[in-house]
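Asks: Here are the chains, one letter per residue:
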Amino acid sequence: MSASAFTATLIERIELGPHVFVLRLGGCEALAGTQPGQFVMMRGDWGRDPLLPRAFSLLAVLPGGEVTVLIKAAGRGTALCERAAPGARFSVLGPLGRAFPAPSADRHDLLVAGGVGLAPILMQADAAALAGHAARCEIVYGARTVADLVLRDACEARTRTHYSTDDGSLGTPGRVTEPLAARLRAIAATGAPPPTLLVCGPNPMMAAVRTLAREHGAPCWVSLEGEMACGYGVCLGCAVAAAPGAPGAAERPYRYVCKDGPVFPAEHVEW
Amino acid sequence: MVSPDGAAPAAVDLGVSYAGMSLKNPILTASGTFGYGQELEGLLDVASLGGLCTKGISPARRSGNPSPRICETASGMINSIGLENVGVDGFLDAKLPYLAGLTRAGSSVWVNFFGTDFDGYVECARRLAEGVAARGGGVSALEMNISCPNVHAGGLEFGTDPAVARKLVRACKDTLDAAGSPLRLLVKLTPNITDVVALARAVADGGADGITLINTLSAMAIDARKRRPRIATIFGGLSGPAIKPVALRMVYQVHRARVPIPICGIGGITSGEDAAEFLLAGASCVQVGTQSFAEPGAAARVLAELTAFCRETRVARVADLIGALDTGDTRPPACIT
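Protein chains in written order, with the working numbering: chain Z, -6 to 264; chain X, 2 to 338.
Just so you know, the hints here were simulated from the structure itself, not pulled from any lab data.
Treat the hints with caution; some may be incorrect.
Covered by chain X, according to a simulated footprint, are these stretches of chain Z (three or more residues, beta-carbon under 8 angstroms) [what the hints assert, rightly or not]:
#1 42 to 55
#2 215 to 229
#3 232 to 245
Heads up, simulated DMTMM-like pairs for lysine to aspartate or glutamate below, C-alpha to C-alpha not over 25 angstroms straight-line [said to hold, decoys possible]:
#4 X/K25 / X/E40
#5 X/K227 / Z/E263
#6 Z/K65 / Z/E75
#7 Z/K252 / X/D94
#8 X/K25 / X/E274
#9 X/K96 / Z/E244
#10 Z/K252 / X/E85
Chain X stretches covered by chain Z per the calculated footprint, using a threshold of three residues with CB under 8 angstroms from any CB of chain Z [to be verified]:
#11 60 to 67
#12 78 to 88
The C-beta atom is built at its ideal place from N, Cα and C for all residues, glycine as well.
Model the full assembly from the supplied sequences, consistent with the hints where possible.
Replies: Structure representation (structure tokens):
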């Protein structure tokens, strides 16, 4: 489906944790068919500074033309989102980009999230639950500390969820690769084929997950972030290098997070 | 410029002539901010614009620079994309058919081009002119980007030396003439120079039909916490509203110097009133650039706002705004502190 440009209105802002919040936006009928992993470019009435819209994966598509977006305030644009009051207007362009592979009865998926990378992961779990494949997927969700592990109830309502925290305040102590490695070993011990990993989180975390996926022969998809001005394929800012073995790498040494991604087979790109 | 009876004009005549071309309105989009046009279909009525300028084309396709290629700065952004493009053949085969349709719809299609050395520029102009002619036209002008580093001159931009720029423009113009090409030759100037008037005169002497002012300002940004430059190539080009005052000054300087070819103004335009400012400074038409990233429909909105501005200020013909800046008796000082 093609992208639309429209104005959305903030209905409410829901605090979830330290500088982590959800925006619930109305007037987003054009996003009804958005698939997990697709994103929007969004900008408030910010005058001329900051100039550029911000890219966010959707968290959920709700009835009545509403959507939710999960944000951690980290820079100027997200800080302005954090201060937005109900009624605030946002210019939105979307849905954009390529989604995760649709849930399937033929796969077992481990949905791996780091911090606010949870958004498309939870949406994927939702899609799996809706399609009756909840038993075929599990969420593996890591953050620095328990306060950053937001929306745990929503995860657990959809499927089995495994946690990790860097400080050991919930779940397995350490990085998300700890519980993930444990699940991969357990699945291998049953003689089942390796699961498929669908991943969204910080770049170093996704690189570590890719390494684990290689060790276990598990197919792995990652949702990348890129510096992008436009989100629709003209600024060419969000280039990522194609992996040497990726199809067409010689002719096209760069891929674009906005058009070719944000979801890529982990073995097709370098980040 | 005010209609005789002082009343708001019923309809605003938006047409302007530029470098021997008739534009249905003075709003175009800038190279590198609008792809090859087709990417924007469905997001705005591309054919409603006065025209568009394509991504810069080089003789062979280019893959561009490593990441990070862009970063946001105060009211603007820095880019170092690396002139990634499909190359002449890719352009002619894959992009021209759509653009020819726009030309038939009355929009003016400009193809931005460059070479990595002197001969590359000439080759690119020749192959574009011949290729477009062989396919039945569909392009109105070539816009030459002379802001590329000249490796034979220690990496200085071609466009920083008026003598080099004149020679390069002359060579491309002669090539177009020899091919019997009807394409206009426009030259996009770099602002990274001391005397823009000298450069404008040089490209006019070289045979350019029009001047696009300005390209991006050379700039850098630093991440102090990481102690790293914020784009991979360290330097990049600054664009957006941050550069508008610089662009206006340069347009006005070239206009006031009576350089004998017209100006297309560009630099940080985000509104109809911004566009009006460039026209008043002496531009005959303008390009909307970086704002299209933030808002794909920006150019169409700027056009609507410019039309409303003319109505509100009782301007019956948008062409009446061109160079109509009233400076009274004021002249810029010899020395600006």
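Asks: Are the hints correct? Go through all of them and say.
Replies: Here's how the hints hold up against the structure:
Restraint check on the region 42 to 55 of chain Z versus chain X: 5 residues with Cβ-Cβ distances below 8 angstroms, three needed, restraint holds. Counting residues of the region 215 to 229 of chain Z whose beta carbon lies closer than 8 angstroms to any beta carbon of chain X gives 10, which meets the minimum of three for the stated coverage. Coverage of the region 232 to 245 of chain Z by chain X holds. Counting CB-CB distances below 8 angstroms, 4 residues qualify, and the rule asks for three or more. Our distance criterion of 25 angstroms between C-alpha atoms is met by X/K25 and X/E40, whose separation comes to about 22 angstroms.
At most 25 angstroms may separate the alpha-carbon atoms for a hinted pair to count; X/K227 and Z/E263 meet this at roughly 21 angstroms. As the CA atoms of Z/K65 and Z/E75 are separated by approximately 8 angstroms, the hinted pair is consistent with the 25 angstroms bound. Using a Cα cut-off of 25 angstroms, the hinted pair Z/K252 and X/D94 holds, with the two alpha carbons roughly 21 angstroms apart. Only pairs whose Cα atoms come within 25 angstroms are accepted, and X/K25 paired with X/E274 is accepted, the gap being roughly 19 angstroms.
Among the hinted pairs, X/K96 with Z/E244 is consistent with the structure: their alpha-carbon atoms are about 18 angstroms apart, no more than 25 angstroms. In summary, the hint linking Z/K252 to X/E85 is supported, as the alpha carbons are separated by about 16 angstroms, within the 25 angstroms threshold. With 4 residues having a beta carbon nearer than 8 angstroms to a beta carbon of chain Z, the region 60 to 67 of chain X meets the requirement of three or more and the stated coverage holds. Chain Z is given as covering the region 78 to 88 of chain X, and this holds because 4 residues of the stretch bring a CB closer than 8 angstroms to a CB of that chain, at least three being needed.
Hint check: no violations occur; every hint is consistent with the structure.
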